[in-house]
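Going down the list, the sequences are from chains W and G.
When the count follows numbering that gives the first Met the number 0, it moves up by one through the first sequence with no breaks and lands on 159 for the last residue.
When the count follows numbering that gives the first Met the number 0, it moves up by one through the second sequence with no breaks and lands on 700 for the last residue.
By construction, these hints were calculated from the structure, which means they are not laboratory data.
Model, not experiment: these values are computed from the prediction.
C-beta: ideal position from N, C-alpha, C; glycine also.
Incorrect hints may appear among the rest.
[Unchecked claim] Partner residues aside, some chain G positions facing chain W, computed with beta carbon under 10 Å:
no.	residue
1	75
2	76
3	126
4	130
5	565
6	622
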Amino acid sequence: MQHRHIQSERAWLSAALACIGVLAAGCGQMGTTSGDQPVLPAQPLSVAVQVCNTTPDGCAAGASYSLATLRDLAINVSWENVPVGTHLQTIEILDPSGWVYQARTQAFAIPEDWDGSAKTTETVPVSGTWIVTRRRAGTWTLRVSLDSQAAVTQTVQIDP
Amino acid sequence: MFVRSGAGAVRRAVVLFDLTTVPNAGIKTATLTLFATARPTVARTYSANLVTSFWNETQVTWNRRVGTTANPINWSAAGGDYDGTVSATANVTTTSTFVNWTVTTAVQAWYNGTPNYGFLIRDNTETGAQYTAQFAARTNGTVADRPQLMLTFLQNVTNLRATPGDGSVALSWAYPTPIAGGTILEPYAGVVILRSTGVPVDKSVAPTDGVAPPALCTVVGSATVVYAGTTANTTFTDNSSDSCGGPANGTMYYYKVFTYDTADNYSSNPTGLPSPRDGSSTFTAETGAMPNPPGSTQAPLWVFATHSTVEAPPGIMPGVQIDVGTDTSQLFALNTSTGQPLYPPVALGGIVYGRPPVLDASDASIGYQVAYVPDSDNFVYAVDTATGIIRWFVEPNNSTTNLFRGGAAVQLHAYSGAGFTRATDLVVVGTRNGATTSANSVIGLNGNTGAVYWTRTGVAGPTTALDMINSTPTVDYAHNYIWVTSHSDGGAAQPNLWKLDSSAGTVLWNGNCGGTDIDSSPSLTQYADVLFVSTNGGSLYAVNPTISGTTACATMPSYTDGGDGAANGFPYIANTVSPYTVVYTTDTQVHAVSYNAATTTFSKLWTTTVYPSPTSTSCSASVCSLSAPVVSLIAGMVYAGGSDGYLYELNLSTGAVVNRAVVDAVSPAVVGDPALDEFNQRVYVSTTAVDQRALAFAIPH
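Can you make the complete structure from the sequences, with help from the hints?
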């Protein structure tokens, strides 16, 4: 009785699936390259993470931050000895109960004639956000990875 | 479009596919095909990588992803932001025509919650000599040569329902109709149903493709197989005859339903990419129910996994769809009846923190059913929510620090009087630049095009400094005002409430209410005689909208009920004429207060303390808190989400907690701001913590 309604299955779409955007990127004037097997520099990859509270007077670092006064949490990541090529940095931000609140990705490129260093900044709004309205004080965790390889974990204390 | 190697001469191509024709499916294979119109002089290997940033077809260049030459918004990495670890490769020879990349894991990731920004095609070895290939683009005159994405997939069941009974849950579903243009490979064989007790079925749990349906009572991940049946059946009652153990009264059960075909493929999207870019399965049909003696209505109408924190309350097109913005920079459009996606999520450039206004095509001057969505990537988007197409997007003041937090307000031209002089709808947003306490902006946009009508930017000074805006502006149609709340650098020295002329954006009045920042949005009565403003100090102000000159907000009537933290969301006005009943929540309490506009006096109706102790191990991270409320006048109930995994229902007249629906009390989830659908008598909520989901509940429940 119901078989006439039960006919879709594993289906194959070709032309029915429309492509909405196809375009060529512009030509690079620089010699930016990215191979799948970049040449590793002599020094091992290193990374440092520094966080601070973005204020009109600058970014103030501290041992802990107050939920009441924290405006934006700036996460500054400094990389050294990164291989030539385009890389994807991921920062997972875990709330005090341990689940991923946000995961932020950012690409950056290391050109051939560079020393392998790079700096990135992610700004996490705090004041007025869910973090404050749902009172998520406690120990937050930042898990930083590069190209899906875990690099460093750091905690940030946010006080009530 | 060209792909080329060679130092100083590298070219890459980007290609994006619209997946809206396959909205609700488990992807089994995906193949990207490009037609080579010119080939390299030696065989080369080309890779297809996932693009990781939002870009625009008409504006993208080597350095720029969106914007113009004068105001570019560049890639983080020149040559395109892409994920180097997720790629497929294909050989392009001197005789290649159609070139195929197997991109199954990438497309599964899009269906699992990773934003779809398309593929970047590049030579795998871009150094060395120059070798060039050219591929047909979407504008190629030969349709068959245009880029294609070939998918094989299974659709999910539709119309999934769970009806609780006395020691039972009755499930029903329907099989999907074939998608037009598709070719059927294998027919459906039936469904497999997994059950989880107390918490939703983990999003990574699914039967294994190529393996026959697991036997009844098999444990798959954290769930149990309670049904595996053929297409002859579209119902299943889980009760005491269940050999795996029937459901018990008073306990919440969640069900996930997978279709499978005669080749034992399941409607799941297997884990393809490393966390967190892959939500690990599956927009499979889900629901839940709490068995109880007759009379129980403890069943969500549907459950849908967003695979992301959702801070934005859902926008609603009553009876049609809800639109949910996420922290994974996406906008989901869900059918209000089934909870199933109307199309794959729309990939935006940044996090969506605010509720998107959703407008009917007949009302909106743009002529489409549209949601206006500001995001943390500094853009405002007009998303056609009937199709998922982005009609326009704009970075309105060429700033990289807008970090929009509040939603957009819209003044509909069709409902505005002659005093509103703009020819289209007006979209108003406020910036949230945390690095300044004085120079934030309120921006008015043309709803049809995104062009800036006006910008009002604060400057340092006691009456002109505009701190960050975390709220959604409010439109006053009667007076053609825009009301905006803001921070005030934490004190009383600068304004936190602003009144602007909606046509010109000029500041007509501002003041400081309560000497604190304000994060909640203002609420205007239906006839625009009172504007209610609640502050971060927990006070509620009744502002006369005609306030002007140097009149201070402090002269306006105010109401404070204890020190329970800031007011959340916005004050909810529960009726249309004075005396007004206003409901608002603070950290642990729900408040109802009456305001008499004639006597300009507040009087307390009731205050209900939902959490006697603000800290409890039953709450997420041991901190108890409430969402903003909504009020159903038809049901006579107030709804607010808790951080203990419950959606609370309070009697509007008395404040008594009359019920609480289980959302996820085991994890527990933090239940977000509800959205009210009086048309369907439902509330929609989203959750954070562990498994992020959106749910619908009938009201009263």
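Violating hint indices (sorted, rising): 4
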